[in-house]
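Chains as they are written, first to last, in the numbering used here: chain A, 42 to 240; chain B, 42 to 240; chain C, 42 to 240; chain D, 42 to 240.
Derived by calculation from the structure, the hints in this document are not laboratory data.
Relax, there's no trap hidden among the hints.
Given that identical chains are not distinguished, each listed pair holds provided it fits within a single copy or across any two copies.
In silico lysine-lysine, DSSO-like type, Cα no more than 27 Å apart, as pairs: (1) K164 x K219; (2) K219 x K172; (3) K219 x K98; (4) K53 x K116; (5) K98 x K152; (6) K219 x K166; (7) K88 x K53; (8) K55 x K88.
As a plain string of letters, each chain reads:
4 protein chains.
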Amino acid sequence: MPLIKELSAKMKLKRDNLLAAARELFIENGIYNTSVDAIVRHANVAKGTFYLYFEDKEALLNEIVYDINRSLLLKAFNAARTSEAGGSTDRLIAMIDYIINHFTDNPQELKLVKKNFSWPLIKEKITSADKDAELSEALDSLIEYRHIKDLSSEEARNIIFAIVEMCGGLCYSCIIHKQPTDMETMKPTLFMMIRKILE
Amino acid sequence: MPLIKELSAKMKLKRDNLLAAARELFIENGIYNTSVDAIVRHANVAKGTFYLYFEDKEALLNEIVYDINRSLLLKAFNAARTSEAGGSTDRLIAMIDYIINHFTDNPQELKLVKKNFSWPLIKEKITSADKDAELSEALDSLIEYRHIKDLSSEEARNIIFAIVEMCGGLCYSCIIHKQPTDMETMKPTLFMMIRKILE
Amino acid sequence: MPLIKELSAKMKLKRDNLLAAARELFIENGIYNTSVDAIVRHANVAKGTFYLYFEDKEALLNEIVYDINRSLLLKAFNAARTSEAGGSTDRLIAMIDYIINHFTDNPQELKLVKKNFSWPLIKEKITSADKDAELSEALDSLIEYRHIKDLSSEEARNIIFAIVEMCGGLCYSCIIHKQPTDMETMKPTLFMMIRKILE
Amino acid sequence: MPLIKELSAKMKLKRDNLLAAARELFIENGIYNTSVDAIVRHANVAKGTFYLYFEDKEALLNEIVYDINRSLLLKAFNAARTSEAGGSTDRLIAMIDYIINHFTDNPQELKLVKKNFSWPLIKEKITSADKDAELSEALDSLIEYRHIKDLSSEEARNIIFAIVEMCGGLCYSCIIHKQPTDMETMKPTLFMMIRKILE
DNA sequence: GATGAATGAGTCTTCATTCAT
DNA sequence: GATGAATGAAGACTCATTCAT
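Produce the complete structure using the sequences and hints provided.
Listed below in structure tokens is the structure:
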């Protein structure tokens, strides 16, 4: 797309500025209280510039949500990999623990991600021609780590998926609404449930 | 308060009209694409009438989401109660099955409910002075049905809660996005997981 | 107008209720922040009743402003009459002093009256068939008290009128805005000016 | 701030258009009967443009009232300065005469100004960092022209102020309501009173 | 006479998007 | 590519007034 690579660097910067500004404002004030105007002001660019880099506000939002998820997943993955956790179940729980802690510390981010998370978006990014290799790999290893068991890989994937949904849902209600209890109290129960599911 | 029952009945009708109109439009076009204007047009009342019955759009939304949840929960509860399911786990699964089937048939309703579900709202309704007795009871029996086990009632409640979140999350992604698979395929895996959790 | 005198008493009561309620609210919140709705609520009557007694909001406002002026003028008049003030100038100043003190204690009333005072309204009330005799007399004596001087009665009236406007204007700016100074400081200067005007 | 003077000029023009349109409509229909909608229609700009230049309707109103006062005061001042009037009292009367004549010719403007005049506004404009020097000077010379007399400058200012209020009040009732007489008839009496006040 | 539910024109304000420069 | 003034449709909400009961 960019004709001259040199320019592309400058442009990337501007784009990143916008992304960062929007992320900050979305997290601080919520999506529906953040106008394009506020974003460009915070990023110190002109209104029109926004539309040079993003189709519209939603495209920007999707990208931000994707970035947050991607970065968090990779960090959680590395945390689990470098932990001394022995079995694969322990590693999965270490990952989830990492994610829970992160959202406990960043509840606004959780709000943003949860309300706007979309699997199709992720799927596209790990399926398309210029796919996100790093993320793909992390996700794959997550899914396939249970190959030892007598489950088909689809079934394994579905189980992991279900666990993830459960964790996501609990994060939201326990951290944001403290319902039915706080996250700290819920955690042992959650981990126990996961262990039971995975035997 | 109402001196004349007849009048009150008329007003209830109008209120219900508005509720129904809004529900339809919310389901069809989404919340943020449904203006108060559209609602009153669809309900065939004047703009001002809306504000006679609802403080604002959000109050209306909350009521709709609550109504959907309430009615679905009660129906699921009755379905489970009248099923031949023996054990308590079977009854819980019967309930969940009912809910899954309902959302499979009404994916738009699922969209509406999922994005705007809020435990605090439910909590308020089953806690306040003039609480919703019927719903309260259903929820209580859900939570306390596992008193036989060696779990504290809080832990039992938390487990049920987690299962509900898992089911809710899976419904959304499997029914709306068909991710990672469709609901029909996911169901057996889900039920198996629930059984494992509850032993 | 009223067919039955008995009813008229009840009606007068309702009318007075509305008047009193509106006056209170106008003074407390200002005219443009006081809705007919608030008035009828505060007066404990139905919305429609309002329009049974007043053509519209403005008619009500006019009546309130008139009542305030009338009552204040009469009270000021009596205060001056019963004061030991000797000359006619002293009596006029005593009157003005009374009015200034009243507005100093009731700045909100001053706001209401000043922004909505209208001579035509007063004129109509003291000119019409069923004129307000008491007020008429007070005003007349005010105007004609200077008959000893070699001024035509028109000129005397105009001078008094001008003095009244000056006092009214000063009240507003000195009491409400403390501009150019507070009323207490302005008073001696004002009285000195009046004396000079009247010799 | 403006990098390009040309652009700024265009914008100033648009702002002035809005100002002029609003002024016309305010004068013709009154403030509360003039909607932002009507203003932008009359100025041939889009609704949003209004809010590009003015915070809200009130800010616009304040600016208009200020502009009218400012321009009238300066014109009156110049008229008095260039008149052959000898003493300072004569010059003050010349000024007042100018103002009276102006309002006689523009009664609608008088209405607008009188109901919305606000000393605090004026005060702010002649006190703030980037104060209106020209107006400041005119006002100062008005106030201080009586330094010869044995009055403190505060007292002199207060007297002038009182005279101004008297004139303003008389203008309104004599011009708008012809009460108690028309302005032409009132003028000699008024001037006589001013002379008496100032000896 | 009294009621109060219903009206709907009207208000201000926001904001994503465009486009001439 | 970058700008930011301009747009105007759309939004939520208000409230004086009416009228069937």
